[in-house]
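Asker: Sequence:
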Amino acid sequence: MSREVRYWLLKTEPESFSIDDLAAAPRKTTCWDGVRNYQARNSLRDDFKPGDHVLFYHSSAKPPAIVGTATVTRGGYPDNTAWQNVNHHFDPKSTAENPIWYMVDIKFESKFAEPLALESLRKVPALAKMELLRKGSRLSVQPVREDEFEIVLQLAAGTKRRTAKK
DNA sequence: GCCAACGTTGGC
DNA sequence: GCCAACGTTGGC
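The first sequence maps to residues 34 to 199 in the numbering used here.
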């Protein structure tokens with residue numbers, strides 16, 4: 034029995050890694066390393082599978098916004114940056130024998146014509162239950178419902194059309 | 001196991 | 001820069 038495709042949202046600060054960085058990366062692919070939160074880790078380790086779709090979100094940006102999409106090309110595997118003690122994400126409790134932290138690979142899929150700002154997403158009733166919009170939400174790796182994902186894509190396409198008409 | 005102190009995230 | 005909302009740590 035084949036598993037259904039799942040949908041995710043990944044947060045990143047564009048100053049450290051942006052959608053443009055992803056688009057410019059070799060094979061437009063990067064490993065999504067450095068996640069150091071257990072709930073997020075569990076998603077990466079257990080639930081990310083190749084073919085899953087990702088919304089790419091810029092946090093601490095002006096404005097904070099969903100800026101594009103990516104696809105998962107490799108499911109969870111140990112995050113080796115955790116046991117490189119020169120690395121910013123070093124965690125002495127994690128070893129190659131007993132990895133604590135996991136990463137995935139994602140590939141660039143699209144960059145929206147216009148960012149979908151957090152503020153504008155809050156005005157969309159169909160997205161009211163989205164984890165991203167929940168008060169106090171801080172998860173950097175979060176599940177997205179299929180209908181939410183589709184609505185976000187439609188919104189992105191809509192801003193594109195309006196821009197084209199100008 | 002409780003919980004206060006502390007550190008981090010991230011919108012504003 | 002502020003601070004609310006978390007998650008983690010560690011004393012007890």
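Calculated directly from the structure, the hints in this document are not laboratory data.
We put the CB at the ideal spot given by N, CA and C, even for glycine.
It cannot be assumed that every hint is accurate.
Below, computed lysine-lysine pairings styled on DSS-like, alpha-carbon distance capped at 25 Å [stated by the list, open to error]:
hint, residue 1, residue 2
1, Lys-144, Lys-156
2, Lys-61, Lys-144
3, Lys-162, Lys-95
4, Lys-168, Lys-140
5, Lys-156, Lys-82
6, Lys-95, Lys-144
7, Lys-95, Lys-168
8, Lys-82, Lys-140
9, Lys-82, Lys-168
10, Lys-140, Lys-156
11, Lys-61, Lys-140
12, Lys-82, Lys-144
What follows is a list of derived Cβ distance ranges for each label pair [to be verified]:
hint, residue 1, residue 2, range
13, Asp-124, Lys-162, 29 to 35 Å
14, Val-157, Glu-130, 44 to 50 Å
15, Lys-162, Asp-79, 37 to 43 Å
16, Ala-161, Glu-37, 32 to 38 Å
17, Tyr-110, Arg-178, 22 to 28 Å
18, Glu-164, Glu-37, 15 to 21 Å
19, Glu-48, Arg-69, 28 to 34 Å
20, Val-157, Lys-95, 28 to 34 Å
21, Arg-36, Arg-60, 22 to 28 Å
Asker: Against each hint, give a clear statement of whether it holds in the structure.
Answerer: Now the hints, each set against the structure:
no. : hint                          : in the structure
1   : Lys-144 / Lys-156             : holds, 22 Å
2   : Lys-61 / Lys-144              : holds, 12 Å
3   : Lys-162 / Lys-95              : holds, 23 Å
4   : Lys-168 / Lys-140             : violated, 30 Å
5   : Lys-156 / Lys-82              : violated, 31 Å
6   : Lys-95 / Lys-144              : holds, 17 Å
7   : Lys-95 / Lys-168              : holds, 19 Å
8   : Lys-82 / Lys-140              : holds, 13 Å
9   : Lys-82 / Lys-168              : violated, 28 Å
10  : Lys-140 / Lys-156             : violated, 29 Å
11  : Lys-61 / Lys-140              : holds, 5 Å
12  : Lys-82 / Lys-144              : holds, 22 Å
13  : Asp-124 / Lys-162: 29 to 35 Å : holds, 33 Å
14  : Val-157 / Glu-130: 44 to 50 Å : holds, 46 Å
15  : Lys-162 / Asp-79: 37 to 43 Å  : violated, 23 Å
16  : Ala-161 / Glu-37: 32 to 38 Å  : violated, 23 Å
17  : Tyr-110 / Arg-178: 22 to 28 Å : holds, 26 Å
18  : Glu-164 / Glu-37: 15 to 21 Å  : holds, 19 Å
19  : Glu-48 / Arg-69: 28 to 34 Å   : violated, 18 Å
20  : Val-157 / Lys-95: 28 to 34 Å  : violated, 21 Å
21  : Arg-36 / Arg-60: 22 to 28 Å   : holds, 24 Å
Consistency note: the structure conflicts with the earlier hints numbered 4, 5, 9, 10, 15, 16, 19, 20.
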